[in-house]
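Colleague: Keeping their order, the protein sequence lines are chains A and B. Read left to right, the first sequence gives residues 1 to 362 (our numbering). Read left to right, the second sequence gives residues 363 to 681 (our numbering).
Be a bit skeptical, because a hint or two may be false.
[Said to hold, decoys possible] Partial list, derived from the structure: chain A residues whose beta carbon lies under 8 Å from chain B:
#1 Pro43
#2 Gly58
#3 Ala59
#4 Glu60
#5 Pro66
#6 Gly78
#7 Thr79
#8 Met84
#9 Glu101
#10 Gln106
#11 His148
#12 Pro150
#13 Gly237
Hints were generated in silico from the structure; no laboratory data involved. Heads up, the beta-carbon is just placed ideally off N, CA and C, and yes, glycines get one too.
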Amino acid sequence: MSTPVSGIATKQLTYAQAIRDAHAIALERDPSVYVLGLGAPDPKGVFGTTAGLAEEFGAERVQDMPTAESGMTGVAIGTAISGMRPVMSHIRVEFALLAVEQIVNQAAKWRYMFGGQMQCPLVIRLLVGRGWGQGPQHSQNLDAWFAHMPGLNVVAPTTPSDAKGLLVHAILENDDPVVFIEHRWLHGIKGDVPEGYHSVPFGQARIAREGSDLTVVASSHMTLEALRAAEHLAHAGIDVEVIDLRTLRPLDTETILGSVRRTGRVIVTDNSWKTGGFAGEVTSIIAEEAFASLVAAPRRLAMPDVPVPTSPALAQLAYPRARDIVALAGDVLDARDRVALLDPLPDPAHLDQPDPSFVGPF
Amino acid sequence: MPELELYRQMARIREVEERISALYGEWEMRCPVHLCTGQEAVPAGFCAALSEGDKVLGAHRSHGHYLAKGGSMQRMLAELYGKATGCSAGKGGSMHLVDLDAGFIAATPVIGSTIAIAVGVAFAAQMRGEDSVTVNFFGDAATEEGIFHESLAFAALKRLPMVFVCENNLYSCFSPLEVRQAPERDLLAIARANGIPAVAGDGNDVDVVHGLAVEAVQRARSGGGPTLLEFATYRWREHCGPNFDTDIPYRPDGEFEDWTGRDPVVAYRARLVAGQHATEQVLDALEAEIAAEVDAAVRFAKESPFPAREEFATDVYAG
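Kindly generate the complete structure, drawing on both the sequences and the hints.
Modeller: Dropping the structure here:
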């Protein structure tokens with residue numbers, strides 16, 4: 001669904017570079033755009049995603065800020081309702097929790113509670129991750145919390161191309177608050193990214209891999225785990241379709257249901273905990289809307305309901321991976337025997353290194 | 363004549379609040395109301411120092427700020443009645459007031475929350491080179507919130523064109539200052555420690571309020587940065603609702619009588635007559651005009667239609 005139109009020039013970029021590219025395009029195009037974040041103009045530039053932008057566009061357009069997440073989110077909202085388009089970043093979702101009052105009570109409801117007279121075009125970038133060895137307060141992904149809230153958009157891209165296109169759309173084309181979730185494990189991945197202006201609208205899932213036996217619904221980093229699992233299952237003759245949601249709110253239920261109606265079997269993955277998580281929401285929609293098409297019970301694959309510990313020996317138990325999807329696929333397809341014959345799927349050597357190209361920092 | 367205008371604005375706010383009290387028992391206004399009866403001098407005195415292009419944000423007790431900044435009385439009352447003609451189209455009620463034409467940007471009720479948003483409004487004005495001054499009204503409880511301190515710090519850092527106005531009415535709901543703040547706590551010193559000039563004044567004397575407001579607004583407009591003003595005043599009625607609550611034993615003996623004896627509206631009326639700024643007849647006529655204005659606004663609100671069912675889910679997102 002998101003195949004780049006042939007003939008458009010592309011360039012190999014990392015996900016982080018693609019995010020930076022989106023910022024640059026937005027700053028160039030619209031003088032009301034400004035970037036605000038702790039360390040946004042510093043030499044590291046939020047893991048490279050804002051690197052060099054202050055030099056290029058000036059200190060007024062790319063601003064550092066006091067360590068005051070709640071107050072500064074209010075400030076950003078105040079500028080947004082005054083006609084500016086702030087792009088705010090938090091290097092961990094946990095820091096943004098100090099600003100949840102502003103995000104939930106104010107930004108999400110500003111348009112509605114004043115009868116549509118004002119709008120709040122605020123983009124909040126939240127970095128999440130896994131296996132950072134940083135323990136209970138630096139490793140969460142609270143996408144379902146934000147996706148619960150009418151008035152917010154929640155975006156969680158997987159590919160560099162989508163990271164750029166969805167961020168360009170969020171900053172320049174969408175007039176409502178956007179929670180933009182970036183998985184730290186994705187910042188280093190490379191992909192073809194359209195050059196120049198490139199936007200991807202919200203509410204359109206991407207079929208990352210076509211298949212006919214089983215649907216796996218994923219977003220953000222879990223899409224990569226799902227694709228690894230799908231390639232592996234192909235060796236057992238199992239044809240897996242992988243759906244990359246791209247946006248959790250608005251949610252492209254049509255693409256999900258269309259796929260499930262074809263395959264009759266579904267695993268919904270989640271980057272967070274199982275109870276009350278987003279996989280539960282997607283599973284419910286499938287049960288309500290496509291029950292008659294299901295030939296097996298829909299299954300969720302999410303983190304066990306335990307805070308993430310620091311020790312790698314324990315942290316490895318927290319995160320579902322490709323091999324877990326493979327095993328669950330065996331159950332859903334009633335093909336445990338075939339799956340058991342596969343070579344075991346190798347795990348990354350270290351939980352804090354998704355692939356050899358990732359050299360930190362976290 | 364400016365004195366007469368200050369009186370007119372206070373008397374309007376009083377009349378509206380008292381009318382809401384009188385009509386509330388009809389159960390047609392089906393939203394909570396936080397009345398500012400007794401606190402009229404701060405909004406009236408302050409907003410008279412503002413220009414049309416200046417911006418005001420408030421909190422839960424903001425009828426007075428909205429009216430004094432020039433917000434439409436008809437649309438405010440319609441909002442309280444939940445009507446389609448309300449200032450927030452019936453989606454906000456008393457705690458979500460707006461009149462963009464008048465420069466009343468917003469009021470929302472979570473304590474302290476709009477302080478930061480007001481700072482952002484002032485920040486946007488500064489970044490865009492606009493001439494406007496932004497004012498935020500809040501109560502003594504809001505100064506206990508972390509966001510108040512974060513907001514002061516950023517406004518000072520950027521020397522923003524704004525004024526923080528604390529209406530200290532001694533209570534947060536039923537909780538008096540002494541259970542919330544140490545006796546040594548000095549709000550003005552907190553502001554000054556952030557680099558913000560701060561002055562306290564009698565919030566029941568509209569001339570005092572107006573004088574301090576003119577000075578602070580002038581400083582903000584001329585690039586001198588933010589000011590904090592703290593005005594002592596008193597909430598006559600219950601925290602939320604139309605009634606007096608002197609039957610509940612939470613105010614010290616004599617406090618209510620002491621403050622109501624210093625009624626800002628009555629006192630200023632007497633001052634105008636004594637100073638020969640206005641005759642009794644002129645003031646009587648002005649009050650009759652106000653009563654007629656409130657009559658018309660109530661009629662407008664009552665006669666307006668409710669929002670259509672189709673409006674329920676509009677304006678959650680653009681388009």
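Colleague: All hints, please: hold or fail.
Modeller: Here's how the hints hold up against the structure:
The interface hint given for Pro43(A) is broken, as the beta carbon of that residue sits about 22 Å from the closest beta carbon of chain B, more than 8 Å. This hint is violated: Gly58(A) has a C-beta 12 Å from the nearest C-beta of chain B, more than the 8 Å allowed. Because the smallest distance between the Cβ of Ala59(A) and any Cβ of chain B comes to about 12 Å, over 8 Å, the interface hint for this residue is violated. At its closest, the beta carbon of Glu60(A) sits 7 Å from a beta carbon of chain B; the interface hint therefore holds under the 8 Å criterion.
Restraint check, Pro66(A) versus chain B: the minimum CB separation of about 6 Å is within 8 Å; hint holds. Given hint, Gly78(A) at the interface with chain B, holds; its Cβ is 2 Å from that chain's nearest Cβ, closer than 8 Å. Interface hint status for Thr79(A): upheld, as the beta-carbon distance to the closest one in chain B is roughly 4 Å, under 8 Å. Among the interface hints, the one on Met84(A) holds; its C-beta lies about 5 Å from the nearest C-beta in chain B, closer than the 8 Å criterion.
The beta carbon of Glu101(A) is positioned within 8 Å of a beta carbon in chain B (closest approach about 6 Å), and the interface hint is therefore held. Interface hint at Gln106(A): satisfied, since its Cβ lies 6 Å from the closest Cβ of chain B, which is below the 8 Å cut-off. The closest approach between the C-beta of His148(A) and any C-beta of chain B is roughly 14 Å, which is over the 8 Å cut-off, so the hint fails. The closest approach between the C-beta of Pro150(A) and any C-beta of chain B is roughly 5 Å, which is under the 8 Å cut-off, so the hint is satisfied.
This hint is violated: Gly237(A) has a C-beta 44 Å from the nearest C-beta of chain B, more than the 8 Å allowed.
This entry does not satisfy hints 1, 2, 3, 11 and 13, going by the numbered hints stated previously.
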